[in-house]
Amino acid sequence: MQRKRRSQLSNLVLLAGILTASGCTGLFSGGASIPVGPSDHKLIEDAQYQVFAPNIFHQDQPDRPPIVLGYAFDGTLNDQQRIPEGERQTIVSYIAERVPGMHYYPGVGMQGKRIDAFDAALGRSMVSTAERASKTLFAQIDQVLQVEPNSEIRVFVTGFSRGAASARHFMNIVDEQWRERQRKQGASHASLRFYALLYDSVSTGPYSGVRLGLPGTVNYSLHFVARDEARPLFPVDIDMSTAREAMADAFVPRINTLYLPGAHSDVGASYAVGLGDNYRMLTDETLFALGLIKENCFENTRDSTLDGKHDSRGVLDKLLGAPVAGRVVRIDRPSRAAIPAPLDDAEYADIQESLERLAAANANRLTMRLTVDSTTLGFTARRKGESLSLLGVSNLLDPSVTQLVSDDAGHVKFEYGYRMLKTPTANVLPLSRKVVERIQVSGSAVDVTLSHIPQGLRFNIFVDGIWVDHVDHKVLGSTPVNPLVRCETPDERVGKM
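Those letters in the sequence shown? Residues 2 to 498, by our numbering.
The hints are all genuine.
In silico DSS-like pairs for lysine-lysine, Cα to Cα no more than 27 angstroms straight-line:
#, residue 1, residue 2
1, K114, K136
2, K385, K435
3, K414, K435
4, K475, K423
5, K385, K414
6, K43, K423
7, K136, K185
8, K414, K475
9, K435, K319
10, K475, K435
Simulated from the structure, these hints should not be mistaken for lab results.
Let's have the full structure, built from the sequences with the hints guiding it.
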């Protein structure tokens with residue numbers, strides 16, 4: 002009887018895993034839009050200044066011509082040829098289309114013509130896909146070495162979700178086989194270096210054969226991690242820095258982890274709208290720095306933060322009390338430690354010297370981004386009974402025309418004006434009792450962000466970083482005053498001459 006119950010429990014767990022991985026039910030996943038918080042804007046803005054990538058097409062040694070090869074591994078149930086209605090291609094599919102010559106591999110569960118639900122649940126193809134890709138790579142390497150025996154083979158690898166786990170395993174088995182070949186055939190003059198761009202690496206599943214730690218041939222890794230993913234079934238693989246790297250003061254660190262606002266598929270950019278647009282642009286800038294694309298001007302004429310980020314929790318997550326971003330100070334996301342292979346002094350010095358030479362090649366290669374950004378506004382206040390006392394306002398606001406006003410009925414409103422955009426009358430934002438009661442006697446920070454709603458805008462009110470309430474504003478119409486400056490193609494520029 003006990004064995005039968007265990008079997009039934011195993012079947013339920015397996016069914017749950019299938020449903021989880023396939024994303025075919027709202028029980029384990031969701032996609033409701035939630036407002037971008039006040040700290041999110043700064044994180045998104047700062048991200049573009051935190052990426053220093055090497056130009057992997059630059060020949061830094063006269064006797065070592067670089068040969069660049071590319072491999073892309075998509076996430077669970079993601080395939081650039083089979084995109085679900087209401088979604089768009091993932092960031093990895095986007096990269097595979099942007100970068101010429103990439104070898105693209107659909108995600109777990111999409112290896113055949115039909116969807117494999119068991120593979121989607123168990124993640125078995127994470128390893129087999131990596132092994133298949135390694136055979137293709139070595140076939141390419143053999144062809145390269147016949148023509149350029151002294152070449153430096155630089156392999157660009159990208160992956161999202163479980164595809165990032167496949168990418169990690171791929172680099173490990175190639176590293177192992179490359180070293181074995183060097184031992185058996187005698188050390189050749191060729192060298193192998195990996196450059197990885199990973200998106201929210203997840204290795205969920207009972208299969209334990211995936212090797213997650215970065216091997217010694219990885220010269221550069223940049224991992225974008227979803228800060229707001231709350232589902233327990235999506236623990237993220239986090240690279241641990243070695244003691245040497247933690248103490249090093251490198252201009253271009255070898256192992257880089259960048260936390261971004263949003264859920265798993267916000268970072269994977271597969272939602273139809275939202276922060277994924279920002280992360281596509283950040284990816285484009287990184288691809289340009291790596292030398293993988295030629296375009297250096299990137300534009301987004303829509304403020305993607307107005308479309309929000311996403312609540313990925315399913316019904317079960319909500320029943321179990323999983324938090325949602327904006328309602329708590331921080332999401333404590335579970336993680337797995339990915340321990341990189343140790344490097345000796347000579348290996349570490351070789352990698353750092355190479356990275357510095359390749360990064361220096363980007364000194365005069367600048368990018369331009371043209372975006373539409375909504376402003377956030379805020380103030381600090383102290384509660385006094387049913388009223389509020391204004392302590393200070395954000396830099397965008399004009400303190401001479403900004404005030405908190407209370408009436409005899411206990412209603413409170415925030416009247417404000419901007420420093421740069423003068424208006425004959427003040428803007429007015431009513432503050433509900435929930436907002437007033439949330440403000441502390443000792444003082445609180447109140448921030449307001451905007452998001453799209455049908456036929457208007459929503460003013461989202463945060464107190465001390467926690468979403469409290471919103472005020473909707475209907476937009477009756479708009480009039481364009483001046484066309485936006487755009488990135489022009491060479492043909493467009495010639496036409497104006």
